[in-house]
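Asker: Spelled out from the first residue to the last, the chains are:
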Amino acid sequence: MNELAAAVPWLGKRNPAAARWLILILAIAAPLIAWQFGRSWVRILDFALLYMMLALGLNLVVGFAGLLDLGYIAFYAVGAYTFAFLASPHFEVHLPFWLVLPLGAAFAALAGIMLGFPVLRLRGDYLAIVTLGFGEIVRIFMLNLNYPVNITNGPQGIGMIDPIVLFGWDLSQNLQITERFAINSLFLYYYAFLACVAGSILFIRRLQISRVGRAWAAMREDELAAKAIGINTRNLKLLAFALGATFGGVAGCLFGAFQGFVSPESFSLMESIAVLTMVVFGGMGNIAGAVIGAFVLALLPEILRHIAVPLQQAVFGHVLLDPEVLRMLLLSLAMILMMLLRPTGLIPARARYAHPENLHRSSQP
Amino acid sequence: MPTEEKTPLLQLQALQVAYGGIQAVKGISLELHHGELVCLIGANGAGKTTTLNAIAGVLPIVGGSIAYEGKPIANLPAHKRLRQGIALVPEGRGIFTRLTVEENLRMGAYTRRDRAGVEADLERIYTMLPRVKERLHQVAGTLSGGEQQMVAIGRALLSRPRLLLLDEPSMGLAPLVVEKIFEVVQSVSREGVTILLVEQNANLALEFAQRAYVMESGQITLSGSGAELLADPKVRAAYLGELDEPA
Numbered sequence: 001m002n003e004l005a006a007a008v009p010w011l012g013k014r015n016p017a018a019a020r021w022l023i024l025i026l027a028i029a030a031p032l033i034a035w036q037f038g039r040s041w042v043r044i045l046d047f048a049l050l051y052m053m054l055a056l057g058l059n060l061v062v063g064f065a066g067l068l069d070l071g072y073i074a075f076y077a078v079g080a081y082t083f084a085f086l087a088s089p090h091f092e093v094h095l096p097f098w099l100v101l102p103l104g105a106a107f108a109a110l111a112g113i114m115l116g117f118p119v120l121r122l123r124g125d126y127l128a129i130v131t132l133g134f135g136e137i138v139r140i141f142m143l144n145l146n147y148p149v150n151i152t153n154g155p156q157g158i159g160m161i162d163p164i165v166l167f168g169w170d171l172s173q174n175l176q177i178t179e180r181f182a183i184n185s186l187f188l189y190y191y192a193f194l195a196c197v198a199g200s201i202l203f204i205r206r207l208q209i210s211r212v213g214r215a216w217a218a219m220r221e222d223e224l225a226a227k228a229i230g231i232n233t234r235n236l237k238l239l240a241f242a243l244g245a246t247f248g249g250v251a252g253c254l255f256g257a258f259q260g261f262v263s264p265e266s267f268s269l270m271e272s273i274a275v276l277t278m279v280v281f282g283g284m285g286n287i288a289g290a291v292i293g294a295f296v297l298a299l300l301p302e303i304l305r306h307i308a309v310p311l312q313q314a315v316f317g318h319v320l321l322d323p324e325v326l327r328m329l330l331l332s333l334a335m336i337l338m339m340l341l342r343p344t345g346l347i348p349a350r351a352r353y354a355h356p357e358n359l360h361r362s363s364q365p
Numbered sequence: 001m002p003t004e005e006k007t008p009l010l011q012l013q014a015l016q017v018a019y020g021g022i023q024a025v026k027g028i029s030l031e032l033h034h035g036e037l038v039c040l041i042g043a044n045g046a047g048k049t050t051t052l053n054a055i056a057g058v059l060p061i062v063g064g065s066i067a068y069e070g071k072p073i074a075n076l077p078a079h080k081r082l083r084q085g086i087a088l089v090p091e092g093r094g095i096f097t098r099l100t101v102e103e104n105l106r107m108g109a110y111t112r113r114d115r116a117g118v119e120a121d122l123e124r125i126y127t128m129l130p131r132v133k134e135r136l137h138q139v140a141g142t143l144s145g146g147e148q149q150m151v152a153i154g155r156a157l158l159s160r161p162r163l164l165l166l167d168e169p170s171m172g173l174a175p176l177v178v179e180k181i182f183e184v185v186q187s188v189s190r191e192g193v194t195i196l197l198v199e200q201n202a203n204l205a206l207e208f209a210q211r212a213y214v215m216e217s218g219q220i221t222l223s224g225s226g227a228e229l230l231a232d233p234k235v236r237a238a239y240l241g242e243l244d245e246p247a
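Chains X and Y, in that order, are what the protein sequence lines are. UniProt numbering numbers the first residue of the first sequence as 1 and each following residue consecutively. UniProt numbering numbers the first residue of the second sequence as 1 and each following residue consecutively.
No lab work stands behind these hints: they were computed from the structure. Careful: at least some of the hints might be erroneous.
[To be verified] Just the calculated beta-carbon pair ranges, DEER-fashion: (1) Ile22(Y) <-> Leu269(X): 33 to 39 Å; (2) Glu123(Y) <-> Ser210(X): 21 to 27 Å; (3) Ser187(Y) <-> Arg211(X): 28 to 34 Å.
Glycine residues also receive a C-beta, built at the ideal position from the N, C-alpha and C atoms.
Just need the whole structure built from these sequences, with the hints factored in.
Answerer: Below you can see the structure in the form of structure tokens.
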């Protein structure tokens, strides 16, 4: 939160308390503002929050522990499919949300450890290639596990997934306050996801300055030296993969329930790269960076889409460039500009494991 | 002074280490007694660093044995060996470049739980390394090579080692700085820490060390006291030849 507040332009440095309130108010008011432009924008915001969770989880692996993971979306898929298996008509199982969510997280963590073991001794390019392969393997499994026994329903995906139900309260139904006034389901999901993101940030913040966070920092800086000062790098790598995957799994569960439908095409390599781009764009190893990177890069393509089509029609009379093509083009352009202008991301990370105030607190008697 | 009847602190027997089929250490035996300062000299690629890394446990061995205080430790992972009191200052210092000096030093106490003891040790290290104390809040990557080496040694000392493995502390440093580093090494040695020092700067290392081993293409070819080796014509020819000429 402090890092996030400091990232607010102008106000952040002068009055951090005010900046903090501003972020809080904006976070709460965002769907109301988006609603003015149409309900699809609230939906886009909901997705932006899911991307934030993904970026936070991936940042843990890539930014904190220094393990480049190009297949991160696989854990999102594991979470989403776990939810689809255990709460949909597909297997005629309808377990409650509170049971499926931890199961989805646990399966994703398990998948994280399964990926972690074979890559323990790899780093850099080699690690990237193996994780990339892992992401594709999971997707291809989902795509083909419909024969001879239909498990994943193949490319058709699984539909009619149960919504999130909190204490008997169905988030997919509009909340009727009075006869004429109802809160749209998209808002309910927004605030539920917002709470998840806030919880994730708090947890990861504590983690970063903990013993584990320090050990990750050491491992990222110099693995041999980390071993030499008594860090069990094997366990810490596995922990990074498992914890990172847990966030992916939780986000996947939320995604499955929110969307009501999962299919392998949601978990392509492009999605892994998109999440990694968010982390890099925001500033690797930085919580605020991951949040802002996810927010900007989840919204930017949608904004472009809404501007580009009418603009092209106005100028050329017809659409020359498909918005999807344009999206990739502009994203690449944004990345190139970032690398030139701010190579360490929008909000450069303090590589330090602790803030000075924490350090001094611990060194005072 | 070492007493022969006591069990050595560290004993290597027929130690072999290989990198994917290529033998870097071909069955060496050496021993270190409590409180000794022993150096291992040899040319580039002789297997000195490999030996040190194998003792610290960051490299697996393929043959022979490593005994620490009489107990075999070859199967212990590196982090458990550190808990037993074996600390390594790796080749090239292994500084955490983006962390501050203080953070680097405190990382050395990663395995320790006694807060007060760590603070006391930090103070001790600050008095021993005044240059480091001046730069506590500086990012370690911005330090000079000599200062980085001091930080690396300080970090290793914070784990309260009984056996300190130093891998070429003089690498890439100016002669004056090297002398300062060696003074630090000597004062650590005087505090009772047993030290195994790997060096290419044979002249200086032999002057400081009580005993020394000479390593050549994976094998130990000579051993003796520092003074003996310093006087040995073969050693002088092989390792000190160039060092004698300049004033």
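Asker: Against each hint, give a clear statement of whether it holds in the structure.
Answerer: Each hint tested on the structure:
Here the CB-CB span from Ile22(Y) to Leu269(X) is close to 37 Å, well matched to the stated 33 to 39 Å. At roughly 25 Å, the beta carbons of Glu123(Y) and Ser210(X) sit within the given window of 21 to 27 Å. Remark: the range hint 28 to 34 Å for Ser187(Y) to Arg211(X) is upheld by a beta-carbon distance near 31 Å.
In this structure, every one of the numbered hints holds.
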